[in-house]
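Once you've looked at the hints, go ahead and assemble the two chains, each given alone in its own frame, into the complex.
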Amino acid sequence: MNRSVGGVLARPEGPAKVTGRALYVADLRVEGAWVAGTVRSNVARGRLLGFDFDPAFDWKRVVIAGPEAIPGANLVAMIVDDQPLLCADAIEHFGEPLLIVAAETPLTLRAALAAIRPRIEVRPAMLDMEASEQLFKRIAIDKGDVEAVFAAADGAAIRVLEGTYRTDTQEQMYIEPQGFVAWPPDANGTIAVTGSMQCPYYVQKSLMRAFGVEAHNARVVQAATGGGFGGKEDYPSVLACHAALMARVCGRPIRMLYDRHEDLAVTPKRHPSRVRHRTAVASDGRLLAMDIDVLLDGGAYTTLSPVVLSRACIHAAGAYRCENVRIRGRAVATNHVPFGAFRGFGAPQVCFAVERQMDRIAVALGLHPVELRLCNMLRRGDVTATGQVLEHSVGSVEVMDEILARTKIDRHPWRAQQTGNVRRGLGLAFFFHGAGFTGSGEALLKARVAVELDREGCVIVRSASTEFGQGTLTMFTAIVAQALGCDARDVIIADADTQGVPNSGPTVASRTCMIVGGSLQKACAELLVRVGPGPAPFRERARAFVQRGGDSQIEITYTSPPGLAWDDATYRGDAYPAYGWAADVAEVEVSLDSFEVRVKRFTSAVDVGKAIQPQMVEGQIEGGSLQAIGFAHLEAATMKHGQFQQNRMATCVIPTTLDTPTFDVALIEVPFEHGPFGAKGVGELPMDGGAPAIASAIEDALGIHMDHMPATPERLLEAWLAAHPKEEL
Amino acid sequence: MQRPRTLEQALEVLARATSSARLLAGGTDLMVEFETGRTHPDVVFDLWGVKELRYVRAENGGLRLGSLSTCRDLLDSALAREGADLLVLAADEVGAEQIKNRATLGGNLGTASPASDLGPVLSVLRARVRLVSLRGEREVSVDDFWTGYRATQRANDELIESVFIPTCPRDERRGFRKVGTRRAQSISKVVVAMALRVDGGVLQGVRSAAGSVAERIVRLSTLERALDGQRPSRALVSDATRDSARVDARPIDDVRSTARYRRATLQRVAEGLILDLAGIEGAH
Chain A
1 MNRSVGGVLA RPEGPAKVTG RALYVADLRV EGAWVAGTVR SNVARGRLLG
51 FDFDPAFDWK RVVIAGPEAI PGANLVAMIV DDQPLLCADA IEHFGEPLLI
101 VAAETPLTLR AALAAIRPRI EVRPAMLDME ASEQLFKRIA IDKGDVEAVF
151 AAADGAAIRV LEGTYRTDTQ EQMYIEPQGF VAWPPDANGT IAVTGSMQCP
201 YYVQKSLMRA FGVEAHNARV VQAATGGGFG GKEDYPSVLA CHAALMARVC
251 GRPIRMLYDR HEDLAVTPKR HPSRVRHRTA VASDGRLLAM DIDVLLDGGA
301 YTTLSPVVLS RACIHAAGAY RCENVRIRGR AVATNHVPFG AFRGFGAPQV
351 CFAVERQMDR IAVALGLHPV ELRLCNMLRR GDVTATGQVL EHSVGSVEVM
401 DEILARTKID RHPWRAQQTG NVRRGLGLAF FFHGAGFTGS GEALLKARVA
451 VELDREGCVI VRSASTEFGQ GTLTMFTAIV AQALGCDARD VIIADADTQG
501 VPNSGPTVAS RTCMIVGGSL QKACAELLVR VGPGPAPFRE RARAFVQRGG
551 DSQIEITYTS PPGLAWDDAT YRGDAYPAYG WAADVAEVEV SLDSFEVRVK
601 RFTSAVDVGK AIQPQMVEGQ IEGGSLQAIG FAHLEAATMK HGQFQQNRMA
651 TCVIPTTLDT PTFDVALIEV PFEHGPFGAK GVGELPMDGG APAIASAIED
701 ALGIHMDHMP ATPERLLEAW LAAHPKEEL
Chain B
1001 MQRPRTLEQA LEVLARATSS ARLLAGGTDL MVEFETGRTH PDVVFDLWGV
1051 KELRYVRAEN GGLRLGSLST CRDLLDSALA REGADLLVLA ADEVGAEQIK
1101 NRATLGGNLG TASPASDLGP VLSVLRARVR LVSLRGEREV SVDDFWTGYR
1151 ATQRANDELI ESVFIPTCPR DERRGFRKVG TRRAQSISKV VVAMALRVDG
1201 GVLQGVRSAA GSVAERIVRL STLERALDGQ RPSRALVSDA TRDSARVDAR
1251 PIDDVRSTAR YRRATLQRVA EGLILDLAGI EGAH
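Residue numbers (this note's numbering), protein chains in the order written: chain A, 1 to 729; chain B, 1001 to 1284.
I should point out that these hints are in silico values taken from the structure, not numbers from a laboratory.
Examples of chain A residues lying across from chain B (beta carbon under 8 Å, computed): (1) D593; (2) E596; (3) L634; (4) Q645; (5) A650; (6) T651; (7) P655; (8) L658; (9) E714; (10) L717.
Computed spacing ranges between beta-carbons, pair by pair: (11) A/A140 / B/E1035: 45 to 53 Å; (12) A/F57 / B/E1035: 17 to 25 Å; (13) B/A1151 / A/R119: 30 to 38 Å; (14) B/A1015 / A/T105: 30 to 38 Å; (15) A/I175 / B/E1097: 12 to 20 Å; (16) B/G1201 / A/E728: 30 to 38 Å; (17) A/L729 / B/R1231: 19 to 27 Å.
Listed next, the in silico EDC-like pairs over lysine to aspartate or glutamate satisfying Cα-Cα at most 16 Å (straight line): (18) A/K726 / B/D1239; (19) A/K522 / A/E555; (20) A/K640 / B/D1254; (21) A/K408 / A/E398; (22) A/K640 / B/D1253; (23) A/K137 / A/D568; (24) A/K408 / A/D664; (25) A/K600 / A/E589; (26) A/K600 / A/D664.
Built from N, CA and C at the ideal position, the CB exists for glycine as well.
If we strip away everything but chain B, and leave its shape as in the complex, we get (with noise of 0.2 Å):
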């Protein structure tokens, strides 16, 4: 275990990691898998410690969110509240209050999880994650950043320092809903996250992305694709989430719930958050 204590330190050991280091910002997934003996690295950075990267600032055309971020610090940030609401709403979701005290934004991008509650929303925001290390930055949308099942392209060197969220268009409109296997301290069946923009009657701008549905957080692109620039109905919106369930979900049966009931919760839910962005009453 290894305790760096700020940025520069923690590039300084993690320049030389390899593989079967792991990363700990607020343990929450990592000290589970120690538990449960999914993991054994031969070296351990703690990263809690690095208070600078700690923080939630405006910055010219967006919000920027230190990776070490908490949900409880977000939950109490008038400026996330603002300027990343959907962050906010997930940020609520997650666990009970002890965790929401140790889960960091940077542990959620980096364990991956296709179930995670912030996920679907970081996308639909169009957040993009900052790596440093000592090479250099580089800055990758989220929806790049993710490559697969519980995979990042994170080289072994880099460290998550923070995400930018872009300033929403001010007309936009957005919905998030989770699913969970009970309505607190739950992990999701089916996450979804929506917006859009409705311009003299026709979607403008829709994005939408779903957790729980795939081996990772995936973008609805089919519905996407099929709402921008049309005028809503009731039948065209049930046609591209329809669509959108069969090609963009690749769900599965597991210990919480059944690829049919996701796939079918996602369309169902993905509707009625449509409907009630564009204001179209009764999704049924």
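Same shape as in the complex, but just chain A (with noise of 0.2 Å):
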């Protein structure tokens, strides 16, 4: 009997990469490739007023180009056009870049881009979300009326409990910093770039733009690659095109590799936020209106901030029913360096904050933080903030009842009375997650998968969805496998290359198992019609079926589950076919003298559906969930005059070995019947939970209610300070 799906596969590239033949981009030889580097800004705003150049350097060793060197359109195509690919006048952010330089050595372009200096006319930088009033997007949810449940409070059957909650940026810090080699126009005019990505047909796009082609003449390749977490999502875009305009310039290959401090200094991070929220409730503790303000920092430019404000305002009221909800949400305009795609997009942002709204609520009704959620949590049958009704796969109650069995959290005398320098803390976060694009996304999107035979029966499977660490390739194989009913080991994955696979859409938003593999799925069952039954293995039937002439090769295109409804302009209907569910809870251990948190142990009882390799997925939310333990009380981030200050390794800290507590997760499968073997997304869920959590752990041990993420020591002993004021120094 085949156990792909739900056994154990070894990693197709797993050999390759343990063994270090597998080449990333930096490992790529190139013959007669120069190296290329980019000249910045230094301001966060100001205007460019042209550069100087050090005499002292022989400028005949180098090559450099600017924005009039773009045959295209200088930008870079997104979602709105308003990002230049190179900045020719007003510069926006700090790092901004304005030239690309190449030499024939690192040694000489790094001089090169010393001898340099743009001359810039600083202006004042808008630097405060709150206080910008440019707007990126706005977003609107209405579901009920909240101001008729706000009018009729009276501060005892019902009351209204306010919280403002913050988080600060995060850096991916994905092992591999970001890379393209770009090679000059063949004789057909075709650009070819390969390099570290997540979204080969997004690269295309940019490129067809910047250069004015159509997509054949704009060829996509993705190298190995070292980890994204959604930060190579959007700015292989800005790499690609800078390599590729530089080898373009020069008629030669060019390498454009950063490293660590530049990786760090200038690609996007998590999107900060504000958000404010104003609650009804009964004394009972039923949730009667939400009311709830989003607000997150886009940094300069629009990039994905309009997507990351859907999937936050669509999150913002939590996993919980409420028959009044007004969500109001904007993404605005800052001198920072543009915000992006990472992991959750603008979900671990809002959960944190209905998280600790929840507990403020409890702590205010004398209710246990488990009791709250157990009478508000989203069932079966319920309606969201967007009026979907929750009917298929919903596995809120499972987790639940998973989470409290493991841990007892709700035998735990919440924010009891403690002593001693060691306090001690448990803290529970419930929490949703929408799987694949938001709303009509994926009916526009349209994305395609093809498989094929080839002479000795083994599958092809064609797709631009990219591994890059996560596990697409084996978790691709096990559908397949499992679909056709043939050896893992005669699954053949095509490279993520845009001359040779159909674009099956960006590898983000936990889509690349339920969309793209359900779709796969599809394929092979009609795959498997045509090869026709058999007592003979699958290969051998599939040999002969090629060997007859018979014709293997079927392409899907991606349609919505029936009966799925989305209204973009309202922000009502069905936001996700399907969501995971999954409760987590941590316990912490709080020093008095240093407030360092420790976590030793963190529990997670997740609903995927379906796992489809259950070792992968236990990766998927240890990982995830470790990132938002960093997220939680560790990666201080902050910005100062536009720059990110943490900008290198040494000071950008995440959690090491000895910061990663014992975890325990439970995998609970509530099949969802459209995505493959009943499997949903699980990629960015585990990042939801771990920061609410924490803090109310943090809330336990102490009895502070930390409404700031991340929770740093240094933030922890103000609060502490604030509430024992005889402590002070």
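So, in structure tokens, the structure goes:
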């Protein structure tokens, strides 16, 4: 019996990676290639007046390209055409690219970059999102009548509670910095790039605009990619265009590899947020009205902020039932480096806010946090803030039951008085995360995948969905092998090359398994019908089918499950085909001398629909939770004069093994009928719960309500001293 | 780049060195300075090959550590574990294993970082630095050796030859605590070393030093004076550490932490260390 789905498959790319044979972009030997680097603004806002070139440098040794060298539009093609590839006049953020410089060797390049000084007229920068009036996107979600409930609030039967919650930015810290190699146009005028990326077709789109070429003249090939976490969703479009521009100007291949410092300084990170909650609750804890205001700092250009805001707003009311909801969201412009995609995509910020607000309500009403959540959690048949009736694959009760069984947090006296130098706490977060693109996203995208057989009866899978450490190749292999009943070794996944694979969409949004994997399962079902049944193994039947001239080429275009409806104008309807459901419990110790938080144990109960590869799903949950733990208490991320301060690995700390708790992951499978073998998305979900669970555990330990993430020792000390002024020095 | 292989060769090349020369021991600091463009020396003397400076040996009345001894060497040395216990604890806090394999005692002293993990311990252990040059040799206490922010009294032609750590009193109690940005591979926010004896219920020989709380490693002399010869009580320790954190520390806000956090944490950590060492329960 085939156990590809639900079993453990070897990772197809594993041997090459562990033996060092996998070729990351920095490993590529490209004959005749020069190296290129970037001249950047050193201020957050200003006007570019020109450049001073040090006369002591021999400028014949380098090639320089500015915006005038761009043959097409000087734009980073994304959602809105507002970001130049190379700034020609108005500088909007620190590190904005101004010129590309190429040289034969890195040493020459370094000397040349040091010998160019941009002349900039400095202008006052807008660095406070709350003061910014320049909007990238506004979203309104309305359900019921919030005002009528607030008007009826009497402070007894109906109470109103308010809270303001903030999160700082966060760096993805993928292990491999961003990089590209580009080749000059060939005889057919085709530009080719290869590099570290999540989304080959996004890069292709940006090349087409910048160079004014058709799709077949812009070839994008993914190199082995060392992590992304969303950080390689949009920025590779910028870097690929820079490298391709210089390749065109030089007439030779160009390598452009960021070192860690440059990568940290100029690539997009998580959106800082400020979320306000005003909640009307009945004395028994029922949520009667939720009024939520979401503000995201988008940075200097639109990039992906509208869609990050969209996911943030849809998740802002949490996984709770409430008849009256008003959500107002804004993503605003500042002169920060543009913020972008990072695992969770707006949801971790609002999940933190709503879960903290739930704890605040619990304290005010004298309820246990578990009790309040049990009273309000969305269950099958309930209606979300956008009016979506939850009918399919709703694992809310199952994950809550499991987390209570494993942690018994419902019997833990929360915020009990403690003594001693080390205080202990438990905290809960309950949450959901929509899988796939928001609203009509998938319907508009029409993702395509293809399968076919080779002469040996092996199955070739073609999609643009990329492997960057998270397990796409293994997951696809499992789905195909299970669907066809073939050996996993007979599944060949084609390279992510825009000339060889159809556009299955970007590898983002927890969509690769549910959406692309779902299409793959359908394609395989059809292939199986064509090949036909028989007692022989699939590969033999497939080989015979090909040899007798059978047509094995099948391409599937994704169609949304029937009955889904979404209105982009009113933000009403079915926001996502399905949601992943989860509950986390964090167990922490906080030392009262240093206020360092030690996360001892982290328990997650997660409904993923179906775990295609359980071991990898557990890895995703542990890894995502650890990123959330870093976000919660460790990863100080500060901006000064528009610059990210922690711009080296020495200062941009992420958890080490010693900072990692014991994980306990419970996989719950409430199948989604339109996902492959019942699977939903899991990539982003585990990023959402860690911060509020830890904040809640800290509150249990110290009796202090932290409303700003990360809860660094510095912030905890200040909060403690505010509550214990006698301890002030 | 010049690569002397013996102490004699090293002293000869150093004799002509100017202030724009840099000495490379393990390179764990200097390589970062090169990468960030903070240093542009005319010449670099790579001392890594001077193997005769890499030793740990017992000497009359103490322990002598060659300046090229690495953190890993200290961790692996039974002599060091016995004769310089706190130093070994501190060496274990330095960086990743790769860094421990290259980071040297002499390099650490020469860099004179205020955030040095080894610094407060060397100070508390009464370490003496032996400087040699073709002109001769001299020995100074580490407290005098450091003169300010990343500054030492080493002359251009001098080499840090070794460090002498006198044998600690048999009944001395010692403690070390580093508060970093995370639990491993971190740069300290506050680092404190403490030594004291309890003699008939009275504190004696209190020595304490801290890192990351001023422009250099500082002795917590206010605390030492307040406690020496006293019967310890929670109130006394609390007052002494408070005064010390106010007077001896000169912390700043930077990318890793805040001045307020450093001052408060210095007080709280020092208080906890003293109460622990003196056998008094419950810091808070």
